[in-house]
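K.L.:
Here's the letter readout for the chains.
Number of protein chains: 2
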Amino acid sequence: MSRGIVALAGGVGAARFLSGLCEVVDPAEITIIGNTGDDMEWNGLSISPDLDTVAYTLAGVADEERGWGIRGDTYESLGWMARYGMETWFKLGDRDLATHCFRTDALRRGMRLSEVTRRICEGLGVRARLLPVTDDRLRTRVETSDGILEFQKYFAEKRCEPEVRGILFDGVETARPAPGVLDAILDAVAVIVCPSNPLISIGPILAVAGVGEALRVTTAKVLAISPIVGGRALKGPADRMMRGLGLESSAAAVAELYRDFADVFVLDKVDKAERSRVEALGMQALVTLTVMKNRAARVALGRAVAGALELDPRPEPTP
Amino acid sequence: MSRGIVALAGGVGAARFLSGLCEVVDPAEITIIGNTGDDMEWNGLSISPDLDTVAYTLAGVADEERGWGIRGDTYESLGWMARYGMETWFKLGDRDLATHCFRTDALRRGMRLSEVTRRICEGLGVRARLLPVTDDRLRTRVETSDGILEFQKYFAEKRCEPEVRGILFDGVETARPAPGVLDAILDAVAVIVCPSNPLISIGPILAVAGVGEALRVTTAKVLAISPIVGGRALKGPADRMMRGLGLESSAAAVAELYRDFADVFVLDKVDKAERSRVEALGMQALVTLTVMKNRAARVALGRAVAGALELDPRPEPTP
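Residue numbers (the numbering used here), protein chains in the order written: chain E, 1 to 319; chain W, 1 to 319.
These aren't lab readings, by the way, just hints derived from the structure by calculation.
Remember, it's a predicted structure, so these values are computed and weren't measured experimentally.
Here a beta-carbon is modelled for each residue, glycine too, at the ideal position from N, C-alpha and C.
There's no promise every hint is true.
Claimed, not checked - Covered stretches of chain W (in silico footprint by chain E; criterion: 3 or more residues with CB under 8 Å from a CB of chain E, positions within the stretch not fixed): (1) 36-48; (2) 80-88; (3) 115-129.
All chains, please: the whole structure from these sequences, using the hints.
P.N.:
Right, dumping it as structure tokens:
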């Protein structure tokens, strides 16, 4: 395998960026290392929300308006589950349920999550390689004013309302990187930290043994994209979580979290005043439009990132 | 609890009969002992086809035209499962899937099938009590010209085409009757063997330790209804299976299978010539219309059976 591109990815923000990047560089060159800290058991089903969001988005089937699940999905099963007193706070569609049934059954039969994910991507026609950061159990827990909550309870059920006091990665002491994760980082020509929540999307990835070290020692150029624009998270609770932990909710504060390994930091034009703070961390600052309103904006951001990393352009399809 | 009515039930034929009976006698008086020999694991889901057919039918939500599942159900999940190479020969609808997700999760968490079934019935608003004959594993296997097949493989996937040479009940040596099964039979005022396949629907029920004995010693009047009319099964492969095992495919041959415990045998008017053969087995023969074309026919059969068993009529709803 040639030296590829690695992307560390959370959910929606990462997926949108990656869908743009895949139009600019060859998807077959990209290895995405996905967050599994939000994984959960729900009604007995094994659910990997971030892996699915990336896979569905790259397959072109994601419900992007809603931010999870499959476009045009129906909710017959969920409605019926309510009759049996099952949990219905997580709004799973019928097609989405098929993915979770597949994953649950395969994991129970002993298949590793990385292999399950490979098969899901194959079934969906995703060309990029998507690896969970670990095949082992890793669960983000949020310490809040309401006690320690599982991430999805905090995020989907409590709608991020409780004040955040800390973040724990349950299982991180024993979680090993999935096969291919460290090699991909070490062999990469470029590593991209997608515009995802640095605390709960990128944080669990960095917390897995060897991943942080691999990022520090790789010869790849490492570029990170701020998920905070104008002091606010584009999606999700990153801004409130950062403030809850006593951090500033700003692009520069995200850059600081990545100072150990990032060579280039991408911040939005509205944050251009923070350029000098980023550069003071020893990083190159790339100021561009980062809000991915539409397909054109995603592709433009992908192009800017590919340019900064001097990536080969995607070969034109043979006519 | 007052002395109730017990019904031994397979799938569709039993469910139709019971829906008529429930209009004639108080459903709260009826304990249905259901077949679990057709239960299976499919894509990791625990499925109990006969219990579900009975529950759905009594809840008024069954897809009676098709013979399984829920009326008006959709197939979004199944269609998506095909992408992942999952088994799709069993045509599960989205609502139906919710039932199987509930059962699978509850069983995995250690709940007994009888309790799972109680909760499903409660969720569906079924007033009769539905008990699986056993909470233990019991699996009907069909010895055929194509080898030994799991029942659902033989029935749904191979469409009953292979010639039947024998029937096995895997697990029957260790399967214990579910709580309440033997007591219900022993305490009953009447036991009804529904018009179900005697070999693979009623057979597994009778094979569970203690059930056959309870039927022989109960003081209840035991009535069985022929599922064979004019030499043919009304539904399913009973006729071909009986011939495959060297039996005659006739109402009288079914009566013979039940001779140890049945007091009354109900056969269709088209089979009235077999009345004397039934009576020669020491049973009372009740000749009536047994083909349940529509609701009126079901209620009429229920009424005929209730009359023969001298059952209390259902109290009229308070106006």
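K.L.:
Compare the structure with each hint and give your call.
P.N.:
Each hint, compared with the structure:
no.: 1; hint: 36-48; result: holds (count 3)
no.: 2; hint: 80-88; result: holds (count 6)
no.: 3; hint: 115-129; result: holds (count 4)
Violation of the numbered hints given earlier is absent; every hint is satisfied by the structure.
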